[in-house]
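Chemist: Listed below, chain by chain, are the residues.
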Amino acid sequence: SQTIHQWPATLVQPVGSPLSLECTVEGTSNPNLYWYRQAAGRGLQLLFYSVGIGQISSEVPQNLSASRPQDRQFILSSKKLLLSDSGFYLCAWSPGEREQFFGPGTRLTVL
Amino acid sequence: AQSVTQPDIHITVSEGASLELRCNYSYGATPYLFWYVQSPGQGLQLLLKYFSGDTLVQGIKGFEAEFKRSQSSFNLRKPSVHWSDAAEYFCAVGATNAGNMLTFGGGTRLMVKP
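Here the protein sequences come in this chain order: E and A. The numbers in the working numbering rise by one with no breaks, and the one at position 84 of the first sequence is 84. Offset between the second sequence (1-based) and the working numbering: plus 111.
No wet-lab data here; the hints were simulated from the structure. Check before you lean on any hint, since a few could be wrong.
As the list claims (entries may be wrong) - Computed Cβ-Cβ distance ranges for the label pairs, DEER-style: (1) Ser150/A <-> Leu82/E: 26 to 34 Å; (2) Pro151/A <-> Gly27/E: 24 to 32 Å; (3) Lys172/A <-> Thr3/E: 18 to 26 Å; (4) Arg220/A <-> Thr10/E: 39 to 47 Å; (5) Arg98/E <-> Lys179/A: 15 to 23 Å; (6) Val12/E <-> Ser150/A: 20 to 28 Å; (7) Gln156/A <-> Val12/E: 21 to 29 Å; (8) Leu157/A <-> Glu22/E: 20 to 28 Å.
Said to hold, decoys possible - So, partial list: chain A residues that the calculated Cβ filter (under 10 Å) puts toward chain E: (9) Gln113; (10) Tyr143; (11) Gly152; (12) Gly154; (13) Lys160; (14) Phe162; (15) Gly164; (16) Thr166; (17) Leu167; (18) Trp194; (19) Ala203; (20) Leu213; (21) Thr214; (22) Gly216.
Glycine included, C-beta positions come from ideal geometry on N, C-alpha and C.
Throw the hints in and build the complete structure from the sequences for me.
Modeler: Here it is in structure tokens:
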């Protein structure tokens, strides 16, 4: 069966520091991968998605970037964090059609 | 572009009572529709999905949803709510395009009174 991992689970970072969040999927190949952000009390905002290695699409302009160095690895990064980057970050995967399956999330607090 | 509206931000029901969470969507073709549930601090779990066929779909944890094309709705129901159902519920519509992107509603937070 397929599983999706995210780490770290929680992170507290100062403003201006770099960020790297990692997501990996097991038990499947060539998945579509997604990064979402969920601000406190709000819905999900799609940040990036990827349909293959090195293929990244950005949905909103922002302080973040994404990379997919391996088939089942998706990384969310920032060079300098802003206060507004605080939130709950969710990674998801899809077998290429229809439903998405979500990881456990990373709670990021920028101070 | 597709959109999803969940009109109720918060709903409170008594344990054992029935539940209906509303979801309205906008999409130009036959949609793929989903309901997800999120417990505090957790990821999203897929409750059920509609792709085609029977408009009443059954999901996990005793939930069901009915697709009504004429009303552009996909409401979630449960006949008897349990305290463990307290969570946030998200409706989503999927697009049949490259990337298989989902558009989510704003969510409905369900509270269950003992």
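Chemist: Can you name, in rising order, the numbers of the hints this structure does not satisfy?
Modeler: 4, 9, 15, 16, 17, 18
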